[in-house]
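Novice: As given, the protein sequences belong to chains A and B, one line each in that order.
Per my numbering, the first sequence runs over residues 1 to 775.
Per my numbering, the second sequence runs over residues 1 to 547.
Worth flagging that the hints you see were computed from the coordinates, not collected in a lab.
Each residue gets a CB set at the ideal place from its N, CA and C atoms; glycine is no exception.
Treat each hint with caution, since some may be false.
Straight line, CA to CA, 30 Å or less: simulated DSS-like cross-link-like pairs of lysine-lysine [what the hints assert, rightly or not]:
(1) A:Lys771 / B:Lys74
(2) B:Lys112 / B:Lys130
(3) B:Lys178 / B:Lys213
(4) A:Lys673 / A:Lys560
(5) A:Lys237 / A:Lys285
(6) B:Lys213 / B:Lys181
(7) A:Lys773 / B:Lys329
(8) B:Lys194 / A:Lys17
(9) A:Lys431 / A:Lys320
(10) B:Lys187 / B:Lys176
(11) B:Lys469 / B:Lys187
(12) B:Lys212 / B:Lys194
(13) B:Lys329 / A:Lys770
(14) A:Lys592 / B:Lys74
(15) B:Lys187 / B:Lys213
(16) A:Lys498 / A:Lys560
(17) B:Lys176 / B:Lys192
(18) B:Lys130 / A:Lys17
Where chain B lies over chain A, by a calculated footprint (3+ residues, C-beta under 8 Å) [what the hints assert, rightly or not]:
(19) 259-273
(20) 504-517
(21) 540-551
(22) 571-579
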Amino acid sequence: MYRMSSKQSEKVYSTSKRVVRQDRMMRQIIRIGGMGIIISVLGIFVFILSQVLPLFFKAEVQRVASFHQNPGALGAIGLDEWGEIPFMATANGRIAFFRSNAPSQAPEWVAPFETNNDWKFYRYLPDSQRLLYGNALGQARWIQLKFSPNFDQDQRKINFDWVMSPIFDLQKTATDPEAEEEAETGTGANPTLLDLALGGQEDGILLAALVQMGDQTQVHILPLLQEETMMGSGDLKPGNPEIISDPFPSKPRKLQVNESGNAILVALDSGEIQYFISKNHTWTKQQSFVPFQGLPNPSVASMDLLLGGASVYLTHSGGKNVVFSLLIPHGETERRWVQVKSFPDLPGAAEKFAKSLRNRAFLVTSGPHAALNYGTTEAIRWEEDFSGPLLGAALSKKYHRLALFEAPDALHLYDLIDPHPEGGWKAFFGKIWYEGAPGPEYTWQSSGGSDAFEPKLSLIPLIVGTLKGTLYAMLFAVPISLLAAVYTSQFLDPNLKKVIKPIMEIMASLPSVILGFLAALWLAPRIENAVPSLILVILVLPPTILAFGALWQKLPQTLKTKLKPGREWLLLLPMLCLFSWLAWEAGPILEKWVFTVPDPQTGGVIADFRLWWTAKTGSAFEQRNSLVVGLIMGFAVIPIVFTLAEDSLAAVPNSLRSAALALGASRWQTAFKVILPAATAGIFSAIIIGFGRAVGETMIVLMATGNTPILDFDIFSGMRTLSANLAVELPEAPFHSTLYRALFLGSLVLFLMTFGVNSIAEMMRQRIRKKFKAL
Amino acid sequence: MKKRTKQITPSGEPWVWLTALGLSVGILMVASILGLIMYRGLEVFWPERAPLWSIRSGDDTLGTELVLGPEVLKQNKSAAHGPDAGTEIQIFQGNRESLGQAFRFISSSDIKAKTLPPEVIWIERMEYGKALGIPIALRLKDGTEIPFGAQNFLPNLDIKVTEAHERWEQIEDLEKNKIGKINREIKSIERKLKNLQGNETQQDNIASLVEKKSGLETQYEALANKARELRTLQDNPTLIYRLANGEQRELAVGQVVEYYFPNQLGFFDRLGMFWRHIGSFIVEAPREANTEGGVFPAIFGTLVMTVLMSLAVVPFGVLGAIYLSEYAKSGLALRLVRIAVNNLAGVPSIVFGVFGLGFFVYMVGGSIDSLFFSDRLPTPTFGTGGIFWASLTLALLTVPVVIVSTEEALASVPRGAREGALALGASKWQSIRRVILPAAAPGVLTGAILAMARGAGEVAPLMLVGVVKLAPSLPLDTTFPFVHLDRKFMHLGFHIFDLAFQSPDSEAAIPMVFATTLLLIALILVLNLGAILLRERLRKKYATGNF
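Looking at chain A on its own, in the form it has when it is part of the complex (with noise of 0.2 Å):
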């Protein structure tokens, strides 16, 4: 007998080494693709949180270098567009330049004044680089800085250099015989400078001082023309001082001008501050306001301009710290100052304040306290406090770097990362109220005219507008999808059903752009003439169908089993089109009999629903509106609510409704009462996937409505989603801006809308299926 060796059965009967060798292969490759396929699917939501992310974060700030100098009494501290070189003016007029790059070198110290002749330093303005100086008689001048990069085998340099400006004398001119006169016959004693500011562009500046003249103190202005030769402009050309003011009745303590010099504020020791514009070169006082009004000592402890002019920054010797802005309350005409924001309180009054000039971020100083603030969303985007107090603050013209001065002699300079400082939770779901605005309020308004034009970048509009488009999609869809889906999963003849469902489902396959445009330039225009026709239509439609279902038993027998049970639907299709028809033509009777509206030139009255939605809600009537996309939406939305509720109609075990049909019940008590109950779960996540569905379709919407965000749920105006806002936004916002993080934001609030909402229509099919499964 032939025997096998145990070595030749395990040759034989053991799989050749290539198919293992394969297998394994095969094994790791599918391993790895499947895993990494799903990995990179759910990739997609880490993606978008990533890009999103940033918007949230807080400022970041870095300290660059420390430059040690005692100044004596330091002025102010400043930095050049570059962020590199800082420097500190004393209040006596000598300026120390420091670099960045070597901070272990002694400063550069220049001294303009030739001799100290009592020039006294006020204040230093960033946006035009200069150091304002005034003196006991009155006068002022300012030194202008220049820095400017200079290239030196690829490695910039930073140059400064200062010009310094004539004497103006706020006073008097000499060509001005009464100011002269004013002048003799004055008390003799030298004017003293309470405070000076500078302000206006270009082709003309204003000086301001508070000028005390023994116990009076008023407010000087002179304006400086920029003269225009054929060289270009020229010299600055001091026009007519003026006095603006009466004598305050208490001593004022700060001044203000805008950037535009045509408005000035005072704040007085009482706490009151008054408020000046200049209307056709003359000056009035147009306003006078008590910010902190109960408080004890309610006197003002600074006032500081925000970016634009429109907003002042105001602080309490307690630590309060608020925003008013100049806009038109609802119901008045004028402009005045309102308050529109409060921080969180300082451990005293501002000190030392900075503001940015590309936002609305400022720095603010408080003792050894400093904070970074956005004016707009009420953030405090950094905060630190410091061991000395703090004698200075800079920001520069970037806004990536600041510096601060710690008394007694060290000058910090930080690199300030704050690439979003609009973002924040409140920018864009929380209500604010944007400089000019007459309240709080949701906007989106990405982009604008003017420079000084702030973007508005709240979803909320666009959420609304979302849910809005959504709810009149349902409105439509809901009924009919279910409808059908009950009568095709309990009465429609099953040899019909197959023929049924793919229909159906051609329509889920129509292409949104295609049903956008149908919206847009087919349905808008005639639903617009039509509106009492479609309503007509709505309303007739469903008791005549009902009547004739009632009739229709009243029939004789005979004739009734002509109709196979199930086939009722076929008979309803003509009976749909003539009933539609009919409704339809009725449209125009209705609306000469309901829709009126009194026509104001031949007293008589016009029938036209257009005129008299707009006569009754005081709402707009737009061609693109609600209703059509709620309608052409429908297409959409129904194949998908359709199919879903139809499976879990039909998935009901069939021993339910045998039972029920047993027991004697009538084919539409079978359905209603046992049936739908036992699929009520799966009915509803199939018009929650229909939701999801109608959230996030974009070009219907983009191309059906008038892409207004909006905040309002009529059914005759438009809207803006989500989507289309994506669709309209995106390919403009420039790569990592704040907008293109925000329309990510967007689309991560779309993501999480669908995917929330889906994710629960799943629970509730799987649940569902288990409790059948026990049936």
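Model the placement of chain B on the given structure of chain A, informed by the hints.
Specialist: For chain B alone, kept in the frame of chain A given last:
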């Protein structure tokens, strides 16, 4: 209770009728939308008769004005226009350049007479759309005129138009292919020169490149001159015709795309012309800001993109599905992953577009540019939307469709087949490859077709990742490297959006929109019906597969 038993008719029957209403409305909606698109889409290609309307003109009740052109629309006057309600008809009068508007509304009550003069000519022009009028003569280059009535008018016109068409083809060949090729060569030499700049050791190389470049430039000049010469030839002869209002116009025959006498055509002539119109719509490139001509580049772009998308989505989708259903350990994690993949199919397409823009275009594309195409920067190559990124974006969008349908197909393979294969000693991979996958192939194919149908119809994400209204060149052509993944492309769906919303004369564009819509719907319905039929067959095949 007694009363109930007496009731003959079962209760609730009317409500059954109400539910039937739901289905009827649904069916009617599908039928009417498909009917509308079919009718309006095909109508575009049907040569209309062009009646001559004499209407009462303006205030003068005796004056008569003549308008020539087919009726487009009849509608009730809106009540808002005043008390004189009635019907008005919209007439397509063409001749946009001299009449100002191609469409005109006239009140039905103003119409005095409507005739069908046989001599009316309908001219499709290269510019300004269509012209309608009555021909007068053909003016030849030497100034001689052949009057319309003459025997040799029509044969001559026919010959001249054919000649002009041939010349256009030559011009296009010269300008697009030959000059384009030289242009590309010059550009590549320029890039090389830029790279070599300042390199002392390569002086010889530089000199030869410069020489080559100047040679190419002279070739370029010669070809451009030739094209210019051909173009001037297109100005003669000219066709003189008269508009309905008596104005006389002269049109170079080189401007004529097609002409016919609509009121002389018999039914079969019109049918033939109808098919010819459909043909040229499919194979021609668009003219006149897309409102005239064909949609070939859009069809081509859609197809190339869909194919690229399928190449990306099918292998990976199937791989993912095989992993999920055959290899992954079942448990809570797997269930969650499955739900997540399912739900991803419900995430709005625009979100995928946003992802595609941020990730593919800016991140990946930007990196590719800075690594491989830095000589072309700041002009982006891959760092801007293009057909490759669009295909990948749509592949991500449709991957859940493929995964879900493949998983379904894998699950529907009978357990017996699987166990049989393993029992016969096949390894896991062998049983998957030789038994399970072939059995599931129709299901996989269904998923792939459904994915293609979905991808072909999506527009929103494409708007972010590289679709354009007019692409200068196709993404696939005869110049190296043949497949240009970085090129922007045209797409039928976006073509519809662009025509309907961004064309200067949206009313004139509506017929084209309907025709394009019909084409897109036909494409998608064919794909979908194929998938549905395949699915039905698959279900039948494995319905009794448990053995």
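Novice: Please go over all the hints and tell whether each is borne out by the structure.
Specialist: Hints versus structure:
1. A:Lys771 / B:Lys74: Violated, at roughly 58 Å.
2. B:Lys112 / B:Lys130: 26 Å, holds
3. B:Lys178 / B:Lys213: 16 Å, holds
4. A:Lys673 / A:Lys560: 25 Å, holds
5. A:Lys237 / A:Lys285: The given pair, whose Cα atoms are some 26 Å apart, holds under the 30 Å limit.
6. B:Lys213 / B:Lys181: At roughly 13 Å apart (the allowed maximum being 30 Å), Lys181 of chain B and Lys213 of chain B satisfy the hint.
7. A:Lys773 / B:Lys329: 23 Å, holds
8. B:Lys194 / A:Lys17: Since the Cα atoms of Lys194 of chain B and Lys17 of chain A sit roughly 57 Å apart, the hinted pair is violated (cutoff 30 Å).
9. A:Lys431 / A:Lys320: 22 Å, holds
10. B:Lys187 / B:Lys176: 16 Å, holds
11. B:Lys469 / B:Lys187: 25 Å, holds
12. B:Lys212 / B:Lys194: Distance of about 15 Å is within 30 Å: holds.
13. B:Lys329 / A:Lys770: 21 Å, holds
14. A:Lys592 / B:Lys74: 22 Å, holds
15. B:Lys187 / B:Lys213: Within the cut-off at roughly 9 Å; holds.
16. A:Lys498 / A:Lys560: Within the cut-off at roughly 25 Å; holds.
17. B:Lys176 / B:Lys192: Between Lys176 of chain B and Lys192 of chain B the Cα gap is close to 24 Å, so the pair holds against 30 Å.
18. B:Lys130 / A:Lys17: Violated, because 74 Å separates the two Cα atoms, which is more than 30 Å.
19. 259-273: violated (count 0)
20. 504-517: holds (count 12)
21. 540-551: Check passed, 8 qualifying residues.
22. 571-579: holds (count 4)
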